[in-house]
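**Student:** Everything in the sequence shown is counted per UniProt numbering, starting at 1 for the first residue and increasing by one.
Note that these hints are calculated values from the structure, not bench results. Wrong hints could be hidden among the right ones.
[Claimed, not checked] In silico SDA-like cross-links for lysine to any residue, where the CA-CA straight-line distance does not exceed 25 Å:
(1) 252 to 334
(2) 400 to 388
(3) 425 to 159
(4) 43 to 338
(5) 253 to 397
(6) 38 to 7
(7) 225 to 291
(8) 96 to 40
(9) 423 to 314
(10) 423 to 373
(11) 43 to 297
(12) 203 to 268
(13) 423 to 352
(14) 65 to 47
(15) 397 to 338
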Amino acid sequence: MFFNEEFETLPREALEALQLKRLKAMVARVEKSVPFYKEALAKAGVTSDSIKTLADLQRLPFTYKQDMRDSYPYNLFAVPMEDIVRIHASSGTTGKPTVVGYTKKDIETWSELMARSFVAAGVHRGDIIHNSYGYGLFTGGLGAHYGAERLGASVIPMSGGNTKKQIMIMQDFGSTVLTCTPSYSLFMAEAAKEEGIDFRDLKLRVGIFGAEPWSEEMRRDIEAKLNLSAVDIYGLSEIMGPGVAIECCEAKKGLHVWEDHFIPEIINPETCEVLGEGQMGELVITTITKEGIPLIRYRTRDITSITYEPCACGRTHARIARMSGRSDDMLIIRGVNVFPSQIEAILMGVEGVEPHYVLIVERRDNLDTLEVQVEVGENIFSDEIKHLQALSVKIEKQIKEMLGVTCRVRLVEPKSITRSEGKAKRVIDNRNKA
1 MFFNEEFETL PREALEALQL KRLKAMVARV EKSVPFYKEA LAKAGVTSDS
51 IKTLADLQRL PFTYKQDMRD SYPYNLFAVP MEDIVRIHAS SGTTGKPTVV
101 GYTKKDIETW SELMARSFVA AGVHRGDIIH NSYGYGLFTG GLGAHYGAER
151 LGASVIPMSG GNTKKQIMIM QDFGSTVLTC TPSYSLFMAE AAKEEGIDFR
201 DLKLRVGIFG AEPWSEEMRR DIEAKLNLSA VDIYGLSEIM GPGVAIECCE
251 AKKGLHVWED HFIPEIINPE TCEVLGEGQM GELVITTITK EGIPLIRYRT
301 RDITSITYEP CACGRTHARI ARMSGRSDDM LIIRGVNVFP SQIEAILMGV
351 EGVEPHYVLI VERRDNLDTL EVQVEVGENI FSDEIKHLQA LSVKIEKQIK
401 EMLGVTCRVR LVEPKSITRS EGKAKRVIDN RNKA
């Protein structure tokens with residue numbers, strides 16, 4: 001099934017011709033209307049007229065999150081404020097928030113791409129979408145909401161929080177699709193179990209989960225506990241919001257990037273060299289239709305790879321692999337690079353371990369230490385101490401063998417790790433604290 005079959009199945013040659021046309025038009029607009037880009041493009045020696053092929057994209061300057069913060073709030077906008085109909089912003093937990101503005105056409109584009117994404121995930125007009133992404137300045141809730149309405153499905157604007165009520169609503173309203181973070185879906189499963197509710201008795205059949213990295217092992221856990229098909233979605237506020245890319249339900253082998261609106265690249269985050277198909281690196285995205293705040297070669301910091309191989313679903317758009325983490329979330333423990341998702345994949349493969357964990361990094365005597373705290377099931381935690389110790393040693397050994405990093409595994413009692421109704425906090429890095 002397709003929402004916009006013509007564009008979703010464009011032959012590669014036609015898709016790239018469209019990208020080039022839209023890229024040139026976008027650069028022509030920003031070099032006139034955005035002082036930041038006028039200066040950056042001049043410094044790079046690039047004009048819209050000098051862009052002849054898509055390969056010329058590599059001549060364009062990168063845009064960083066700090067550039068957006070330095071332009072706070074509106075200095076990167078490419079249209080007058082009277083043309084901006086919506087403003088969103090990131091949380092700003094590590095500094096000033098990044099602000100994004102949308103024109104009426106931007107909202108229409110976003111709505112279509114989210115509708116495309118829903119259909120790719122297996123959602124249709126007759127579905128009832130239970131939307132537990134947060135509403136407000138965060139783009140998740142409203143992005144999914146407008147996409148659901150564009151598709152013609154029924155949408156329940158629950159937002160996050162009040163988990164018991166969420167479950168009651170899903171029961172009573174007959175929700176068939178759930179949208180939220182993967183960690184919150186597992187929190188829902190846990191809360192339902194406490195209330196004696198079996199997700200097999202609900203009508204849910206599709207879950208669309210994003211906003212944080214999650215592993216294939218966690219997908220299997222979610223599908224088993226919530227009795228649905230779990231699909232990965234990707235987006236970020238700076239580029240648009242949710243719906244930049246999504247898995248198709250037919251294959252679940254990579255997320256289709258809507259390339260008629262975004263040009264993806266994979267680069268080496270250290271050297272900025274553009275990497276080839278299948279190589280793991282940092283995702284860089286250029287928006288080619290956005291009016292409010294177009295971005296050239298935005299450094300997402302998300303780590304993935306890309307493939308242009310044909311997909312079983314018939315869509316011709318490139319696919320990016322499931323995010324393995326962020327370049328700025330990567331932990332370096334005694335010279336070893338580790339992503340939280342790599343440890344998660346190991347933990348989820350251990351029987352008796354629950355999908356709730358936290359990584360605590362300390363520096364002792366000038367050496368980095370890693371402690372992995374992970375919950376175990378009630379039956380395991382009540383077991384003899386020697387059995388718990390044996391399980392800890394087993395996990396420590398697996399992490400050492402598979403990732404090359406030494407850690408201490410601490411098994412903790414059920415429900416002792418703080419739950420999140422949004423993005424789960426997986427890492428506590430105390431190395432830079434006084």
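**Student:** Going through the numbered hints above, which ones does this structure break? Give me the numbers in ascending order.
**Tutor:** Checked against the structure, the hints that fail are numbers 1, 4, 5, 6, 7, 9, 12, while the rest are satisfied.
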